[in-house]
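Trainee: Chain residues, written in single-letter form:
There are 2 protein chains.
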Amino acid sequence: MAVDANMDTNNSLNTLFYPKTIAVVGASPDGDPFRWGGKTFIEGLVKQNYRGKVYPVHPKADTVLGLKAYRSVDEVPDEVDLAIFSVPASAVMGVMADCVKKRVKFVHIFTAGFSETGLEDRAKLESDMATLAREGGVRVVGPNCMGVYCPDGGVAWVKDFPSESGPVAFVSQSGQLAGHFIEVGKPRGITFSKVISYGNASDLQCHDFLKYLADDEKTKVIGSYIEGLKDGRAFFEMAKKLTVRKPLVVWKGGQTEGGSRAVSSHTASIAGSRHLWRALCRQTGIISVDSIEELAATIVALQDLTPPKGPNVAIVGGAGGGSVTMTDAAERAGLKVPHLSEATIRGLEEFVPVHGQSVKNPLDIFSVLVNPDHFSRMIAFLRDDPLVDALIYMQRAEWALRRERVFLEVAVRMTIEGARELKKPLFLILTGGQTLEGDILRREAQQRYAHAGIPTFPTFDEAAQAAYNLSEYQRYLTLRL
Amino acid sequence: MAVDANMDTNNSLNTLFYPKTIAVVGASPDGDPFRWGGKTFIEGLVKQNYRGKVYPVHPKADTVLGLKAYRSVDEVPDEVDLAIFSVPASAVMGVMADCVKKRVKFVHIFTAGFSETGLEDRAKLESDMATLAREGGVRVVGPNCMGVYCPDGGVAWVKDFPSESGPVAFVSQSGQLAGHFIEVGKPRGITFSKVISYGNASDLQCHDFLKYLADDEKTKVIGSYIEGLKDGRAFFEMAKKLTVRKPLVVWKGGQTEGGSRAVSSHTASIAGSRHLWRALCRQTGIISVDSIEELAATIVALQDLTPPKGPNVAIVGGAGGGSVTMTDAAERAGLKVPHLSEATIRGLEEFVPVHGQSVKNPLDIFSVLVNPDHFSRMIAFLRDDPLVDALIYMQRAEWALRRERVFLEVAVRMTIEGARELKKPLFLILTGGQTLEGDILRREAQQRYAHAGIPTFPTFDEAAQAAYNLSEYQRYLTLRL
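Protein chains in written order, with my numbering: chain A, 1 to 481; chain B, 1 to 481.
Bound-form chain A, shown alone (with noise of 0.2 Å):
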């Protein structure tokens, strides 16, 4: 039966990513280009070079944005993978019908104004759309969403999102927060191969994206922003099996009384109790994050490097009390900082004078980061030291800006250089914000290292959170397997 080939959810989502024809249902040509609707989402489509054919569908325009634009669905001469619907939560029931009777593969509802409402009507609307769409063998993304991000396929939702592909899913029931991690993942050189903004989840929900993603080989690492599970066995099933391939790092909305409040008006969700949704992360794998800064450096460590073997971390680059408080982040996120073997003590004694500095683990020794020998003869120590499963690395792009300019550039290359030596996941800090002109340095130093495989954090926590949750995926892994 066609429905139920439809049903495979496996084989038709690759429809999904790359349609090759996409009809965008309520493109007015006069849209406002600052909201959201049919046109922008004609532009994303546009400026993603997307290859292939878009059929604006408005009841009067003639074109859309130079595209000969039709009535309706029914009436593109061609057939439809995706059809778009930025049309009044009223017109729904209508259009559906046409891309049922169009044998339409998949359909984006941009469209809010259902369950989130709180309104039994519109609720009510929500599931007679659905029933509509699964009995004639449409597959539904949303309502109330932005349906989906493939650079590869040409596919976005925004035009300024990045053309480039990469290794990074991201399946999140919010729209706002996927195209928030999207610009928060850019500068720090986080690419994407698919993300999914799904919203009520009405039809394909988050586990039916994770089962794509697990075999996808466009991609690694997988990132979830969650407000509420309406099959929460199909996910922890899913979920489970998918961690022993790649590592899922989920932030789940909804975890506080407030923020559960908030989830139902958002995306009509049941939130859960928060207890039992770390239970759920335990038993799974899954990597849990509490916000869009750990969300990003959690999935460019695990994008960029080898999860450490353990939690011993050696940690450089503090002075005094920065050394100090840098050893308390690391412990407080879950990390040890423990005693370095004697044979690296002994080995840093002979170049490192004591005055002022420590060979101890934090290493307060300044005098090592300023001398490409030293440092190089450094990492071969902690390289060989088997009490050190990782090593943290806070560099300050500003001590530049005293110095001269070169001063940068020796300790980028040297770095680079270290991180290759060292042969265990370097966790790099680069901090320099504090000035325009440190900040143009630091951006500088960081496209160097994004370039060079090297992934950056903007401050201590983070780097201890993404090593921490690193070694913690490494520890379930390892107990699995």
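No wet-lab data here; the hints were simulated from the structure.
Ideal Cβ positions, reconstructed from N, Cα and C, are used throughout, including at glycine.
There could be a bad hint or two in this list.
A short list of chain A residues far from chain B (calculated; beta carbon distances all over 10 Å) [stated by the list, open to error]:
(1) 28
(2) 54
(3) 174
(4) 253
(5) 328
(6) 330
(7) 435
DSS-like cross-link-like pairs, simulated, lysine-lysine; straight-line CA separation at most 30 Å [as the list claims (entries may be wrong)]:
(8) 124(A) <-> 360(B)
(9) 230(A) <-> 230(B)
(10) 336(A) <-> 230(B)
(11) 336(B) <-> 309(B)
(12) 220(A) <-> 240(A)
(13) 186(A) <-> 423(B)
(14) 240(B) <-> 424(B)
(15) 423(B) <-> 309(B)
(16) 230(B) <-> 360(A)
(17) 47(B) <-> 124(B)
(18) 186(B) <-> 218(B)
(19) 20(B) <-> 102(B)
(20) 309(B) <-> 230(B)
(21) 211(B) <-> 53(B)
(22) 124(B) <-> 360(A)
(23) 68(B) <-> 47(B)
(24) 124(B) <-> 230(B)
(25) 211(A) <-> 124(A)
(26) 218(A) <-> 360(A)
(27) 230(A) <-> 360(B)
(28) 101(A) <-> 124(A)
For this one, chain A is given, so just place chain B on it according to the hints.
Mentor: Chain B in isolation, oriented as in the chain A frame:
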């Protein structure tokens, strides 16, 4: 007796912050410009337009940076209020003997290599030196520290510290963190009355400085970084007296096992237990913070805002998932995001289109944030709502990049106006650092806000922590008074 009079910390510390004459001992004319030493201390004084007299002391040089140099402190043809020691540890006893002879009032010992090395003979040298000073009536800051920054008095240890004076004092056992905090504070609009880096605390200790600052009219808010207390009882009594007059924010280093070890090699302090520290804070009304970010956020909030009367906040400026996660972060920080009063909800409903928005708390009302008239009406409702103690508002400077620049101009003006009308504290988050272009806009807006006395926070977590810390301090005061 002269010695006893000098021991009256409160009178005498004034001379430390506003010395009329400073001898810099160990000011080599050929000092490395990138290493702190006698020469860089003199440069700091010159750049800060220090109005007193500076006397370089050097065994061989005739002049240092154009100033006539003397062979020893007792050859200086003037009274000496403050002598800065930048000499090898082995020379400190001799120089101190000269200072006693010369009846120098204060010495700041920059020199390291004493008890913090963990070596017995070095610890003995420190205590011998402290005894010599005490018996000779000389008060000592340090050793192993950066000394004093007092823009009002023209005293600074770095030439590029701001010369502007302000209401914040910072008492730090670590010179590195003191300098870092001054840097971090600058773009946030934190300005300083006095900053002290006091290192090993061989004589003057944290509570001595707090005692002075309690009475200092130029100081309204006090921050501190502490690794260990030599006289916990004196600190406890002082803090308890101080906090009913001025807020005291403390970042305690060495609260973890690794951090505690690091503390002993940094300032030879004994860090003490985390639990004892927490109990001490509860009993004394100290606001305890755990990172440079939380320290800066809390201090700038205390500098510019009246503490909220309670923990109930309204949240504005998120959208969708942003609202949900901001609410989670607020409640996780200890705040409450309560239902708004009926009057507020009914009032907002009059002009907020319900479609895709929410007048529940968190307020998801984008249309209001781009309409000065609606914004001002919203502010009036929140001002009059007895269920709301403070407003947390997230503003994204990068939105202005998508629209015309005038958009940001309007937003800034209407926010400054709104903050005035609110009559409750406004915790404003200002983001925009993803692109350099956005960051430049953010810095512009931040300056305008700082000029209007409105603090801004770079992340939601920081704003929430600051709001919670202030509301807890207010609660302490209410119970205490």
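Trainee: Now, for every hint given, state plainly whether the structure supports it.
Mentor: To see whether the hints hold, each was checked on the structure:
1. 28: Residue 28(A) clear of chain B: closest Cβ-Cβ about 17 Å, beyond 10 Å.
2. 54: Since the minimum Cβ distance to chain B is about 22 Å, residue 54(A) lies beyond 10 Å and the statement holds.
3. 174: Its Cβ does come within 10 Å of chain B, the nearest being 2 Å, so this is violated.
4. 253: violated, 4 Å
5. 328: violated, 4 Å
6. 330: The claim breaks: residue 330(A) does not keep its Cβ more than 10 Å from every Cβ of chain B (closest is about 7 Å).
7. 435: violated, 7 Å
8. 124(A) <-> 360(B): OK: residue 124(A) and residue 360(B) at ~23 Å, within 30 Å.
9. 230(A) <-> 230(B): violated, 58 Å
10. 336(A) <-> 230(B): holds, 28 Å
11. 336(B) <-> 309(B): Distance of about 13 Å is within 30 Å: holds.
12. 220(A) <-> 240(A): holds, 16 Å
13. 186(A) <-> 423(B): violated, 39 Å
14. 240(B) <-> 424(B): holds, 27 Å
15. 423(B) <-> 309(B): holds, 12 Å
16. 230(B) <-> 360(A): At roughly 24 Å apart (the allowed maximum being 30 Å), residue 360(A) and residue 230(B) satisfy the hint.
17. 47(B) <-> 124(B): The given pair, whose Cα atoms are some 37 Å apart, is violated under the 30 Å limit.
18. 186(B) <-> 218(B): holds, 18 Å
19. 20(B) <-> 102(B): Holds, because 15 Å separates the two Cα atoms, which is no more than 30 Å.
20. 309(B) <-> 230(B): violated, 36 Å
21. 211(B) <-> 53(B): holds, 28 Å
22. 124(B) <-> 360(A): OK: residue 124(B) and residue 360(A) at ~23 Å, within 30 Å.
23. 68(B) <-> 47(B): Measuring from Cα to Cα gives roughly 18 Å; hence the hint holds.
24. 124(B) <-> 230(B): holds, 16 Å
25. 211(A) <-> 124(A): Holds, at roughly 28 Å.
26. 218(A) <-> 360(A): Violated. Residue 218(A) to residue 360(A) sits at ~43 Å, over the 30 Å cutoff.
27. 230(A) <-> 360(B): holds, 24 Å
28. 101(A) <-> 124(A): Given pair residue 101(A), residue 124(A) holds - Cα atoms ~22 Å apart, limit 30 Å.
In summary, the numbered hints that this structure violates are 3, 4, 5, 6, 7, 9, 13, 17, 20, 26.
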